[in-house]
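My request is simple: use the sequences and hints to build the entire structure.
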Amino acid sequence: MEEIRVLENEKLRFSKPAMRILENEHRYLTYLMDEWHAIVLWFEQHRILDLEEGRKQLDKLRTQIIDFRVSLKKYTEKEEEHFFSMLGTYIGFEQGPLVGIQEEHREIEGYIDHFLYQTEGDLSLLTLDEIQEATKNAGEAFEVLTVHFIKEEAVLFPMAEQQINRNDLTKLCDKLNTLIS
1 MEEIRVLENE
11 KLRFSKPAMR
21 ILENEHRYLT
31 YLMDEWHAIV
41 LWFEQHRILD
51 LEEGRKQLDK
61 LRTQIIDFRV
71 SLKKYTEKEE
81 EHFFSMLGTY
91 IGFEQGPLVG
101 IQEEHREIEG
111 YIDHFLYQTE
121 GDLSLLTLDE
131 IQEATKNAGE
141 AFEVLTVHFI
151 KEEAVLFPMA
161 EQQINRNDLT
171 KLCDKLNTLI
181 S
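Position 51, counted from 1, in the sequence shown is what the UniProt record's numbering calls 51; the numbers after and before it change by one each time, with no gaps.
In case anyone wonders, no lab produced these hints; they're calculated from the structure.
Every value quoted in this text rests on a predicted model; they were computed, and no experiment measured them.
Check before you lean on any hint, since a few could be wrong.
Said to hold, decoys possible - Ranges of calculated distance between the beta carbons of each label pair, as one might list FRET restraints:
#1 Leu125 to Glu44: 16 to 26 Å
#2 Pro158 to His46: 38 to 48 Å
#3 Pro17 to Lys56: 36 to 46 Å
Virtual Cβ for every residue (Gly too), placed ideally from N, Cα, C.
Shown next as structure tokens:
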């Protein structure tokens, strides 16, 4: 509960409603990420651990990532369909920040999908090494996502606030104003 209050009290940096929606969704996704990343850190800090406890923690991690993936997918689809297509009409689609950010979306999806592939089926059949290896992919997804959100907020969101005209920002806001949870 304490963590949620911190998120609620943190001020949004962007002034345009469309960018505030995306920024707020970053905060929500980061909150969810922090929950499952705590389990990843648990694995990193407990190199020698009880196999049954490892499987229990892995099951919890898998469940949280599956739930997280639903919100992330909704966010990513909305961002690519509406925000990137709008911003691209102003800055271009062929090169520049949009290309790199979209590639990161695929990279993030790859890490999450690989983790889920490695952990599908009967978890009681996984060895300790297999569990540790799988959690590394979850950790990589967290790291790439964290940097990804920073890049979007440092480059794309300010660019959008400066480049996109008022009418288009209003249209964009209407399209982005949907739930991801």
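The hints, checked one at a time:
1. Hint check: leucine 125 to glutamate 44, Cβ distance near 23 Å, so the stated range 16 to 26 Å holds.
2. Distance hint for proline 158 and histidine 46: a CB-CB separation of about 41 Å, consistent with the stated range 38 to 48 Å.
3. In this structure, proline 17 and lysine 56 meet the distance hint of 36 to 46 Å, their C-beta atoms being roughly 43 Å apart.
The structure meets every hint from the earlier list without exception.
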